[in-house]
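There are 2 protein chains.
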Amino acid sequence: MKSPVSQILKTLHERYASLKEGNVADYIPDLAKADPDLFGICIATQDGHLYEVGDTRHKFTIQSISKALSYGLALEDRGEEHVLSRIGVEPSGDAFNAISLKPGTGAPFNPMINAGAIATCGQILKADGQTRIERITHYLSQCAGGQLQIDQDVYRSESETGHRNRAIGWMLRNFGIIDEDPREIVETYFQQCSLLVTCADLAVMGATLANQGVNPLTGERAIAHGYVDNVLGVMASCGMYDWSGEWLYRVGLPAKSGVGGGILAVLPGQLGIGVFSPPLDAQGNSVRAIRVCMDLARELALHMFNPSAVPPPALRRSYNASQVNSRRRLPARAFRALRRYGDRIRVMELQGPLLFSTFEPVIRVLIKQAPYCQYVILNFSYVFSIDEVCLRMLREMREQLAANGVTLVFCHTGRVGKSLAASGMEKSALFASEDAALEFCENEVLAEVMKDHSLVPPPVSLTGCALFVNCDEAELKFLDERMGSKNFAAGETIIQTGTSADELYILTSGSVEVRLRLPEDRHQRLDVFSSGMSFGELAFLDGSPRSADIVAVAPVQCRVISRPFFEELGSRFPGLKAKILNEIALQLCDRLRQANIEISALRS
Amino acid sequence: MKSPVSQILKTLHERYASLKEGNVADYIPDLAKADPDLFGICIATQDGHLYEVGDTRHKFTIQSISKALSYGLALEDRGEEHVLSRIGVEPSGDAFNAISLKPGTGAPFNPMINAGAIATCGQILKADGQTRIERITHYLSQCAGGQLQIDQDVYRSESETGHRNRAIGWMLRNFGIIDEDPREIVETYFQQCSLLVTCADLAVMGATLANQGVNPLTGERAIAHGYVDNVLGVMASCGMYDWSGEWLYRVGLPAKSGVGGGILAVLPGQLGIGVFSPPLDAQGNSVRAIRVCMDLARELALHMFNPSAVPPPALRRSYNASQVNSRRRLPARAFRALRRYGDRIRVMELQGPLLFSTFEPVIRVLIKQAPYCQYVILNFSYVFSIDEVCLRMLREMREQLAANGVTLVFCHTGRVGKSLAASGMEKSALFASEDAALEFCENEVLAEVMKDHSLVPPPVSLTGCALFVNCDEAELKFLDERMGSKNFAAGETIIQTGTSADELYILTSGSVEVRLRLPEDRHQRLDVFSSGMSFGELAFLDGSPRSADIVAVAPVQCRVISRPFFEELGSRFPGLKAKILNEIALQLCDRLRQANIEISALRS
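Going line by line, the protein sequences match chains P and Z. Using the numbering used here, the first residue of the first sequence is number 1, and each one after it goes up by one. Using the numbering used here, the first residue of the second sequence is number 1001, and each one after it goes up by one.
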């Protein structure tokens, strides 16, 4: 099967391969040798998948596209305010090679024109025994996810003919924008422009910018997080020479072009695009690449103002503990109490990235629900990320809710647990699972509404076992004599997944957990039973293998009904068997009703 | 309780209320009267909620902020290419009142400078007997969600002193950018600038732009969908006079300021911001408003390049029909067949907005799954929207999958059903619910893997009823004599929600549906039973009221076990009762296992 995405790129490539407009750059003699028919298109997704068509692996020199990335390195070396004091960020309205220095300060208008890019080179530090060009090469290589090389022929050609850029260098030195001998800096600039890249490299660099500075191929951070927005900002306002305004208007993607024929475009948070075709228009932008980007933006609706490309509101669903309960099995009275008072515990499942605009509606719901709740559990299962803004608002809401008698706790905070902890959220408010959080809140509510509610039920005699509730004394005596007994230490496994099921257990003391085995030695608690309850009915009745582990969580004493004994009951004491089966059926009814309530809450 | 959002605005307001920098505009005499202490901040969310602090209801003149919106009206009147041929979209690098016309054409650089805005007025049509200013006033009023008025004093003051703008008007007439007498057009421009707005109006206008042109207060479309990106584009590149580049770099929100002291800023797809404070800086931007926007953008992480503000990948969860089944109850053999072959049916739950970058990963999964499936059900329950790009890709994938023997169907397409239908998706591929889609796919798979599988099971005698499978002939004869019989017509309600449960039904012919009542006379199908099965056990056993309706879907013949008869069985024929209870318990086990599988698939 062929992906429609590949098909779209193929159609685009066919549409413009025959377009013969524009001329290969000739102001640098070596660039004039480029084959005007070369043409490649590549999209890199945020998870590092590449869609490619045409000459996406042909190497060409990066030229001005390097300006955007080395600006990032300068910001990392010197900080935003220092760099801004030397190089502006205003579009100049002039051509790329205009000298365009601001009257008075002599600061270049922006880092995307040659003057600004040379000044940017001057800001990059020599560090760790590396020259500037070594550091730039390393930085750009990390963005591309592979080692880049300089095309020495193009570099020599640029250096031999780059008199105008040398003039700019001296002018910058004159204004004190460059503090050192400008000759080395201008050479660094020529070398940087002569780095060889492929169309696929450009797409990956774009995806790295889209991905907050982390290269999606290598998984490594290539650009410091804090400066990605700055780089995208100057690309958006100044990236396409004096066609930048119209580019932003028509294509709507931060982008940078180079006279080597490349364009790198970014859809922030989503994807990177690389297009390569040497013939250029009068503004110095690749003719085919411009057309491809315009069509891609329109046909794939990639415009960065596309308002449908925003995350959904964070509230995914909401229910209370009269609908969904923790997995442990409660005595009937406690269970009924929760049906009645469970609405004091509200569970809110959140989703997506938590940022101001997605989280703000959650705040409104919390404020509205506060008068009716005692506990709110925020389930973070579907949350990808939480930003500082939301952490702060969350902390504030938690304090305010506490002052109003509402306890806010969190569960499944896996992906954002560290951030929550770092923001000062008490460990006691973080629960591993919704189950654990619900159990905690249920216990608090039960302790309040049932004065004599004991969380650890005391040991019971057979009279106290639900299964035998309708048995008379003679029957109880008979059962007591004939049923086996088994004891287990805390932590011991009573039933193992996959074994055959020949026994039904009646707990007279202690409690057990039903655990589903998960990969990596983890497990999920499905159920908890305590004294007076029975377990193991399902497999015992239908003869299928045990579907979960059952483990003693406190020292356990059990009575056991074996299969032969149960069969004997049927033939010799059918009335007693009917009584026991009736109780088993009643318990199954209970569990099925509970499961149906849970399914309908989960489906809502 | 106080919202942390209100608290943030309050803190910001306190932070800058005492800032005394800047001067009230005085080049229009009437503006100089403004009170420099006035200061309001308002945020409007996408669902129309307003957060306000300070003088958010004080009226002032909109001034240049009107330029952004009237540009939208001009685009609607004339179309993009026509307007672009008269007015550019490049930042000029010059001050707002510079004449800045392009050499050669005389076209203003962009619609945000005075020359461009006057040219924009000239593009607006007189229509439906309305003057230009009436149409502009109506348009801006729709964006604000309330009727705007012109401040006649300010208008007169602007008109009396606006000689430079008159010069611009005549210059535009000279170049043919304006075709008519420029005097009326310049007056229209003065009137437009003199429209009175409040800070809250600006926030709502911003939210309207954020909201694809639909005013979130009124729910009505104020700006044609296709032109919102264009308006935001020029705001982003040229909205803040000759500080636009730095604004985009530091604040990162499309915005427009006016010399009345207002700033309107937009976080596309998310929210609108209005700030008002009359004292201006040298570029003509409100000093306090700039500071507030910079702090808001930083403190609430609103920068439009914020890469965490992107929608999540569209695949929410995925399971197959060996884990989750349709609600109808199948004969045991068919049920087992689905446990075995159910993985031929894959359900994929999608979420969020479907756009290129969220949907593209779904395509990869579909292509990967195709060799292992015969049916794929896309559940759209959590999908907000689908764009044209995804509709096209979806259609293509459907055709390709069909060619590979995989049928793609859809369910819960409520919000996007119209779009799917309009894109040519066959009605037969759209199912109202996952249940219905699953049942269809299950039937197809069952028909293939079970040659003799009949979808409508034939009538059965008591021997064929699961409940009596272990009864001997004498017991069956006894039951046949003693049990009642009831017949129901198709559509008849057999059990009504809330009634008491004194009977257990055994279906010997026909089939019934268990239905949960929903508001507005709707219902949800919970289960389907057919001949040979029993229903009504839960309430019959535990004595609670019926929790759902049971309705005959085909003419039904039932046998009935009444409570007195069941009790009689216990005392007189306990062995028979034990046999029946054993089968009831087995059926409950089955249903509970199924429910647990479903819960764990839903929770995954």
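In case anyone wonders, no lab produced these hints; they're calculated from the structure. Misleading hints may appear alongside valid ones.
[Stated by the list, open to error] No farther apart than 20 angstroms at their CA atoms in a straight line, the calculated lysine to any residue pairs in the SDA-like style are these: (1) 1477(Z) x 1364(Z); (2) 2(P) x 1361(Z); (3) 2(P) x 1364(Z); (4) 2(P) x 1367(Z); (5) 10(P) x 1564(Z); (6) 126(P) x 57(P); (7) 451(P) x 374(P); (8) 1477(Z) x 1385(Z); (9) 1002(Z) x 391(P); (10) 59(P) x 149(P); (11) 368(P) x 1006(Z); (12) 1059(Z) x 1102(Z); (13) 427(P) x 448(P); (14) 1002(Z) x 365(P); (15) 1010(Z) x 367(P); (16) 1010(Z) x 1295(Z); (17) 1010(Z) x 1391(Z); (18) 1002(Z) x 395(P); (19) 1002(Z) x 364(P); (20) 59(P) x 129(P).
Hints violated by the structure (numbers, ascending): Violated hints (numbers, rising): 1, 5, 6, 8, 12, 13, 17, 20; every other hint is consistent with the structure.
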